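Asker: Now for the letters of each chain:
Protein chains: 2
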Amino acid sequence: MKTITLTMPLDMHVHLRDGEMLETVAPLTSYSFSGALVMPNLVPPVTTLEAVKSYRSRIKKAMESDDFEPYMTLFYQNYSRTFLESVQDDITAIKLYPSGVTTNSEGGVSSFDIESMRETLEAMSDLGIVLSVHGETNGFVMDREAEFMSVYEMLASNFPKLKIVMEHITTAEAVEMLDRYDNLYATITVHHLMITLDDVAGGMLRPHLFCKPIAKRPHDRAALLNVALAAHPKVMFGSDSAPHPKHTKESCGCGAGVFTAPIALQLLCEIFEAHDKLDNLQAFVSDNAQRIYGICAEYKEVVLEKRDFHVPELYGSVVPMRAGEILTWSIERVD
Amino acid sequence: MKTITLTMPLDMHVHLRDGEMLETVAPLTSYSFSGALVMPNLVPPVTTLEAVKSYRSRIKKAMESDDFEPYMTLFYQNYSRTFLESVQDDITAIKLYPSGVTTNSEGGVSSFDIESMRETLEAMSDLGIVLSVHGETNGFVMDREAEFMSVYEMLASNFPKLKIVMEHITTAEAVEMLDRYDNLYATITVHHLMITLDDVAGGMLRPHLFCKPIAKRPHDRAALLNVALAAHPKVMFGSDSAPHPKHTKESCGCGAGVFTAPIALQLLCEIFEAHDKLDNLQAFVSDNAQRIYGICAEYKEVVLEKRDFHVPELYGSVVPMRAGEILTWSIERVD
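Heads up: the protein sequence lines correspond to chains A and B, in order. Basically my numbering = 1-based index in the first sequence + 1069. Basically my numbering = 1-based index in the second sequence + 1069.
Here chain A stands alone, though its shape is the one from the complex:
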């Protein structure tokens, strides 16, 4: 039977939430990944060393695996150099949210005034802390990411030594930025490699495929596939797996997020195999991220084989992407 072994797969963008939801989802990520960059948009957001340490210990407790490292992040605010020096050993990145663009982002940045951000961003640059960015404006939903490109350009050109990750990119415009600035990188989700707005709202409305940034046009998906399948050295896998309870997704006002943590590697095998690019999957799900972030990941081998996997209807209260469907790849074992 056809198999592939992925060593030290990394999910460089995941929402593990907190409390009961954390208990549900953390073991699913820690089972099949060596590590994951954990987003800080809790309520309240993670903004202190104490909060980082405490959240990390809750994650470690919720995991069912010792061979998994949660790479911690702070929620971007203007921080002093002194504070950043004190926290640098406990975080991998600082996540910047424009205010109001997604779940629990109300405390984010409301205007990109470069001078007020300079101390923080220069200190991050000097200390090697990555700036991870949710790159959307508050404009028309299909234009938000493309409109944000000027902010990326301003950040990248003003802080040329700062590593900036364009998170969960969804547009051809963002892909084009990768080769324009040495210090711009990107994560790409598995669902944005698969769906367009047509899948969300072109037939029936599909709340479990509703996410931010919203899935875009076919030519945008093609641009994402192009760099992911080639394992472009500046792109990394980041699932943006974002669980919401079923009753809040199937309601009159459904929150944004697609839950893919337990099926991400299987889906990636399907996609890369369909394009005859399985050889590049290792770089996309691990090597690129290790190099970009300077991460030395926990050793783990995940063996997938070409065997049907029946996706459960629910994990706890959460409906996964492709619920009830059959995937063509399964995780055979984790060593």
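Rather than coming from a laboratory, the hints here were simulated on the basis of the structure. Please note: incorrect hints may appear among the correct ones.
Identical chains blur together in the list; that is why a pair holds if it fits in one copy or across any two.
To be verified - Each computed DMTMM-like pair below joins lysine to aspartate or glutamate, with the alpha-carbon atoms no more than 25 Å apart:
#1 Lys1303 / Glu1242
#2 Lys1315 / Glu1382
#3 Lys1315 / Asp1267
#4 Lys1315 / Asp1268
Being a predicted model, the structure only gives us computed values, none of them experimental.
Put chain B on the given structure of chain A with help from the hints.
Answerer: Chain B only, in chain A's frame:
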């Protein structure tokens, strides 16, 4: 208190459904409108004289008002001239659905082969039967209406005496067509005067605002408002009010349709008043339609006044647009 009297308001595009749903929604339309053009996309679709007569009598029975006329439609197929002559006194229009573009449209037209349609369209033209069209391709959801313009052009230029109504238009492209062909007309819904895709999927996902054609961009809404507020002589109000039970809207695969029948006139007052165009509302909701369709509507006067109206959470099993909210106009009485 500020009031406005609308005489013989008409809803030139409505879905009354059948069975229990018909019992719920027909009285809501017949209360405040003199008449409505009733869509034929039942299961099975309305394609025979017997079906037209039988559906009309079910509607009359479900109504709670004698001063209301259901203007009946057939589901477009290629019909013979003989058949159309036999049915012409019982129908007002024939509704053309491209196959698969919306609820119960599977039996629609799958290719626009003008020669195969010629006998039917020429007979309709000669007999004065209006062609009412759901103008969408099967393309990318945001492009479907704009892509359909070439079909409108082909129909309008090949059958210059045939009155063609572009139903529930949503784009600047469709608005531009109005002045290009003498025989092209349009209906506009109240929700497309109010919302864009941002309202459906820009914040939380709002299934009760999900419809086909999907709401488009701000500049498209501006183009619609421009001709509606001016009561452009070729545009008419058509609510496209399309009820679905709450449990099917708030589910993992939600059907397309916004339910506005009981609040449409109140909302139109709000919109026209906000733009200081209340004087044009009579033409938009009645006069234009009477002239375009050659309809002599049942006499009815609807008096609205500027007084709060609390929109119910449900009408039967159906969640209306603006459920639970307060509108600034109420229907004071119907004479």
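Asker: None of the hints should be skipped; say for each whether it holds.
Answerer: Now the hints, each set against the structure:
no.	hint	result
1	Lys1303 / Glu1242	within (15 Å within a copy, 40 Å between copies)
2	Lys1315 / Glu1382	both (10 Å within a copy, 22 Å between copies)
3	Lys1315 / Asp1267	both (22 Å within a copy, 23 Å between copies)
4	Lys1315 / Asp1268	both (19 Å within a copy, 22 Å between copies)
In the structure shown, no violation is registered for any of the earlier numbered hints.
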